[in-house]
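Under my numbering, read the sequence shown as residues 5 to 347, first letter to last.
Hints in this document: simulated from the structure, not taken from any laboratory. Hints may contain errors.
To be verified - Computed Cβ-Cβ distance ranges for the label pairs, DEER-style: (1) Thr260 to Ala57: 46 to 56 Å; (2) Ser77 to Ser290: 48 to 58 Å; (3) Gly32 to Trp289: 43 to 53 Å; (4) Glu271 to Val166: 36 to 46 Å; (5) Thr60 to Ala37: 11 to 21 Å; (6) Glu131 to Glu163: 39 to 49 Å.
Glycine included, each C-beta is placed from N, C-alpha and C at the ideal position.
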Amino acid sequence: MPLAQTERSGSSSDVDRVEVRVAVVGAGEQAVAHLLPALVHLDGVRLSALVDADDTVVDRVGDRFGVSCRFGSVEALLGEVAVDAVVAACPPQAHEEIAQVAVEHGVPVFLEKPPAVSTARLGQLAEAAEAREVTTGVGMNMRYAGPYLRIRELLARPEVGVPVSVMVRHVASKPRGALWDLPPLRSFLLAQAIHPVDLLLSLTGPPTAVEPVCLHNGTDTLISVQTQSASGAVGNVLTGTYAPRFESRVEILTDTGVGITLTGLAELTVTGLPVADAAGGSRGWSQQWRPSPLDTGFERTGFQHELRAFLTAAASGVPFTPGLADLLPTFELLDLVERRAAA
5 MPLAQTERSG SSSDVDRVEV RVAVVGAGEQ AVAHLLPALV HLDGVRLSAL VDADDTVVDR
65 VGDRFGVSCR FGSVEALLGE VAVDAVVAAC PPQAHEEIAQ VAVEHGVPVF LEKPPAVSTA
125 RLGQLAEAAE AREVTTGVGM NMRYAGPYLR IRELLARPEV GVPVSVMVRH VASKPRGALW
185 DLPPLRSFLL AQAIHPVDLL LSLTGPPTAV EPVCLHNGTD TLISVQTQSA SGAVGNVLTG
245 TYAPRFESRV EILTDTGVGI TLTGLAELTV TGLPVADAAG GSRGWSQQWR PSPLDTGFER
305 TGFQHELRAF LTAAASGVPF TPGLADLLPT FELLDLVERR AAA
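From just these sequences and the hints, can you work out the full model?
As structure tokens, then:
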């Protein structure tokens with residue numbers, strides 16, 4: 005899919021070449037480890053500028069990724085350089101400011117999670133972007149991870165059916181304590197719980213009923229949430245910091261008797277009708293998928309897929325999913341968990 009946006013002139017080999025000019029805001033660990041490498045590997049993308057308030061950091065990272073145009077703020081960037089999209093990886097308070105400035109300049113903006121601190125502020129930014137018809141994106145990379153894209157392909161097949169049960173287990177040993185000058189529980193919700201909750205809602209739709217249970221001792225957290233959507237699908241999320249290491253597992257049952265299980269990002273198992281037909285009708289058969297050893301980490305973990313999809317949408321002037329408004333149901337559910345924990 006092309007990322008056509010701006011035409012470059014110069015040598016004959018550059019004539020008619022089109023590129024999306026991207027500015028990256030925030031030169032910290034997330035940008036260096038995931039976003040910048042993913043962008044470098046995308047055809048039709050030019051890293052036009054890098055922004056960070058720390059001169060030493062912006063120079064070091066700019067040298068590493070070959071970005072010569074550097075700024076200390078997004079306001080300075082957009083005041084001097086024309087870019088087609090802004091990609092930001094900063095604390096949520098900074099994301100709010102970056103999104104506001106980008107929207108005011110009519111520039112598509114992609115924010116790593118969390119995009120904001122509060123649901124109210126997220127809603128304000130979503131409304132402003134919609135009013136200006138600015139494409140926005142939120143970095144929920146799990147939605148675009150290779151195995152989850154395969155699950156989407158399976159669920160698009162009529163014979164597979166629609167989910168009636170989705171269970172997401174997403175546990176780790178961190179984050180523990182406060183992040184971004186926020187209380188520890190809010191920090192956990194925005195840093196960790198946001199992923200499984202968003203993934204669940206992307207598969208079932210917004211909930212009509214929610215029952216959360218939360219264990220929080222000021223440092224460690226364990227959250228269990230049961231939901232039901234308008235379709236009747238039942239969802240379950242278990243997330244927390246009591247596990248010895250990061251573990252992820254998704255289990256889906258559909259109304260045609262198909263079971264889909266994803267363990268980590270490495271093993272996808274499908275049981276039921278699509279496999280049974282090919283196996284003589286035996287429901288005991290299953291089909292497994294594992295990523296190729298040559299599959300790059302940025303594709304498997306979703307960073308490259310989501311950035312390609314966002315920049316394609318930005319170049320075409322169409323909405324991207326998930327945009328700022330798409331995260332509102334996720335934030336509302338996280339708010340409910342926080343209120344229940346405080347009760």
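These are the hints, each one checked on the structure:
1. Thr260 to Ala57: 46 to 56 Å: Taking Cβ atoms as reference, Thr260 and Ala57 lie about 53 Å apart, which means the hint holds.
2. Ser77 to Ser290: 48 to 58 Å: The hint (48 to 58 Å, Cβ to Cβ) holds, given that Ser77 and Ser290 are roughly 53 Å apart.
3. Gly32 to Trp289: 43 to 53 Å: The hinted range 43 to 53 Å holds for Gly32 and Trp289, with Cβ atoms some 47 Å apart.
4. Glu271 to Val166: 36 to 46 Å: Given range 36 to 46 Å: violated, Cβ gap about 23 Å.
5. Thr60 to Ala37: 11 to 21 Å: holds, 18 Å
6. Glu131 to Glu163: 39 to 49 Å: With a Cβ separation near 40 Å, Glu131 and Glu163 satisfy 39 to 49 Å, so the hint holds.
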